[in-house]
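Chains as they are written, first to last, in the numbering used here: chain A, 1 to 268; chain B, 1 to 267.
What the hints contain is simulated information worked out from the structure, not anything from laboratory work.
Predicted, not measured: the structure shown is a model, and the values here were computed from it.
We put the beta carbon where it would ideally sit given N, CA and C, even for glycine.
Hints are supplied without guarantee of correctness; some may be wrong.
[To be verified] Partial list, derived from the structure: chain A residues whose beta carbon lies under 8 Å from chain B:
hint	residue
1	79
2	109
3	231
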Amino acid sequence: MSGTFIPSTIDIDNLSITLGTGSARFTAVQDFRLSVNSGELICLLGPSGCGKSTVLGALAGHLHAKGKLLVDGQMVSGPAPDRGLVFQHHTLLPWRRVEDNVGFSLKMRGVPRKKRNEEVRRLLALVGLSGFEKHWPSQLSGGMQQRVELARVLIGHPRLLLMDEPFGALDALCRVDMQALLLSIWSKLPTTIVFVTHDIDEAIFLADRILIMSERPGRIIEDIPVHLPRPRDSELVTSPEFIRIKRHCLALLNHKNGQELPRLSPIT
Amino acid sequence: MSVIIKINNTPQLRWGASLISVIICLGLWHLVAVFKLKLGFITFEYVPLPGEVVTAFLKLANGEKLLPHLSSSLQRVFLGYLLAAVAGVTLGILIGRSKLLQSFLLPPLELLRPIPAVAWIPLAILMFPSSEASMIFITFTGALFPILLNTIHGVEGIDQRLIASAKSLGASPVALLNDVVIPGAAPAIVTGLSIGMGTSWFCLVTAEMISGQWGIGYYTWESFLVQRYPDIVVGMVLIGFLGMGSSWLVRTAGNRATPWYFLRRSY
């Protein structure tokens, strides 16, 4: 599998997405443009309610969108296992043990249990949760649940990983651990990642490129390359280059001070 | 040295409380029946004594009629309930998953729902050539609606993100049903099945009014007609115990099938 594995490319142009029905109908994203190279890790950064999650939902194939929305040169027409999706709150099946949750996509592909469990053990080791195979999701902490979620998405070797504020609900220390874990996994299992966040530090720490979005209807207003060396560690956060990018991001995000729109979840 | 005896909420104490409650109820029953209490709007003149009921039960238990009565009733309730469980869960899943099917199927069902079992008797006799089938039909109507409504409620309550996520992981429509929708609705379905078991027994006396010879419901009704008053209460208590026992069985089996539902968060 690894011989032919090529991470996804994304090509979005003139994309607009309308959400809601009747009088509550509104344009969440308008004339959106984005292109992502194979194997790139980009962060979509923007104020709450700007349509970041909406773009992600469309890439995952859960939302209907107008315009050009190509992944690997193909129009997105529905959800698919090679486009993995991770939400802010885990979506593990409460009625399946950790091993059956992680092995879910393999089971859907008809992989026999023995082979499936080998892969599950390998992925759980990768996210640092060896030995938790037989636990129920509700027996784990929030951070552990997100690790399981990550393992479950990664087991299918997605060529594109879509992450919607995946660490947003975790406490600060746990979040920093998870960011480091994500980078370490990404270095071992290269894939294209679109990471949505409103945390500037998180975006700079992770991304090859930060795309700043305007307020609703969301468009990309700036494309900031992050040329910080990899592998990255927490000391980076105090480096001059990091601070410079952070200042720039803050300036862009603050130009309309405090006008935060309520967060709109496209998939409710 | 001081010894603190914690008497709060020990299992023995709670069992004791339940036992005392039963004894008090039996005692009150005995008193109002012995004194043939008449309050104008209610009279206990013809109510049998607890002791008479026990004697009547022993007589029934020592005779040869208890077993055929029980087995006829169990068979009817079991068949009616089984059909209701299959129909209720299937329809509930369909209605819960599709707004279109909901608009199509729910109005007639909502109209049928408030009709009490006893109102079905004439039509049931006319519709079914065998009285056995009409009795099964009546226990079926009793169990159907709690099962159906709880299933719909359970299916509609499933977190949509779980469905989106399972689709992203490659779940086919069949897998989505088996791995997400049915387990997600399972706790509500178990509740419905357990309530439905009770309501199925609830309709038994009504159903067995049609019966010619056998059944606990028939026995109860016949005892009234021939004025064997203690036997009425024997029949009532038997139905109560059978209903309680079978509901408990359904609930226990259901809880076994949904182990994740009773986990305490342990972190």
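Verification of the supplied hints:
1. The beta carbon of residue 79 (chain A) is positioned within 8 Å of a beta carbon in chain B (closest approach about 4 Å), and the interface hint is therefore held.
2. Using the Cβ-Cβ criterion of 8 Å, the hint placing residue 109 (chain A) at the interface with chain B is satisfied: the shortest such distance is roughly 6 Å.
3. About 29 Å separates the beta-carbon of residue 231 (chain A) from the nearest beta-carbon of chain B, more than 8 Å, and the hint is not met.
Checked against the numbered hints above, the structure breaks only hint 3 and satisfies the rest.
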